[in-house]
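**Q** The letter at position 119 of the sequence shown is residue 119 when you use my numbering, and the numbering goes up by one with no holes.
Treat the hints with care, as some may be off.
[As the list claims (entries may be wrong)] Listed below are the simulated SDA-like cross-link pairs for lysine to any residue, each with C-alpha atoms no more than 20 angstroms apart in a straight line:
hint, residue 1, residue 2
1, Lys80, Ser96
2, Lys38, Gly59
3, Lys80, Arg50
I should point out that these hints are in silico values taken from the structure, not numbers from a laboratory.
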Amino acid sequence: MISTRGRYAIRMMIDLAENQHRGFVPLKDIAERQGISKKYLEQIIPVLNRAGILSACRGAGGGYKLAKQPAEYTVADILKATEGHLAPVSCLEGESNTCPQCPECATLFIWTGLQKIEHDYLSGITLQDILDRKAASAGNNYSI
Numbered sequence: 001m002i003s004t005r006g007r008y009a010i011r012m013m014i015d016l017a018e019n020q021h022r023g024f025v026p027l028k029d030i031a032e033r034q035g036i037s038k039k040y041l042e043q044i045i046p047v048l049n050r051a052g053i054l055s056a057c058r059g060a061g062g063g064y065k066l067a068k069q070p071a072e073y074t075v076a077d078i079l080k081a082t083e084g085h086l087a088p089v090s091c092l093e094g095e096s097n098t099c100p101q102c103p104e105c106a107t108l109f110i111w112t113g114l115q116k117i118e119h120d121y122l123s124g125i126t127l128q129d130i131l132d133r134k135a136a137s138a139g140n141n142y143s144i
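Just need the whole structure built from these sequences, with the hints factored in.
**A** The following block contains the structure:
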């Protein structure tokens, strides 16, 4: 299950992608637009900074911006940075499966299959894809 931190990180990254033309975006602006507490976003920022996902600038005119272009970030990248892993079961969280039941586990194929499907799906969606989809759906919201 994806935590609130992961979901909010994605929303923050989408906001930064939408506002990349503004340069560094103050955290309070993101918090206001997204309806997320600034304090909560302040807890997410260090995680994304350590992962090299954001660029930061302190002082007047400071804030945050994407370190790369929106097309270079996948949802999987953001969630891995904030969640640590995307494993459906604990035995698949590490590099190797150290579960003592692993050799005779009758359900391991289910969890590894689910993990692959989830990884492939989330790795196939970029921030740019989200922006494009949002723009396309906004273009269809008109009435006469």
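**Q** Each of the hints needs a verdict: does it hold here or not?
**A** Now for the hints, and whether the structure bears them out:
1. With a CA separation close to 17 angstroms, the supplied pair Lys80 and Ser96 stays within the 20 angstroms bound.
2. Proposed proximity of Lys38 and Gly59 is supported: the alpha carbons are some 17 angstroms apart, at most 20 angstroms.
3. For the hint linking Lys80 to Arg50, the alpha-carbon distance of about 12 angstroms falls within 20 angstroms, and the restraint holds.
When the structure is compared with the earlier hints, no violation turns up for any of them.
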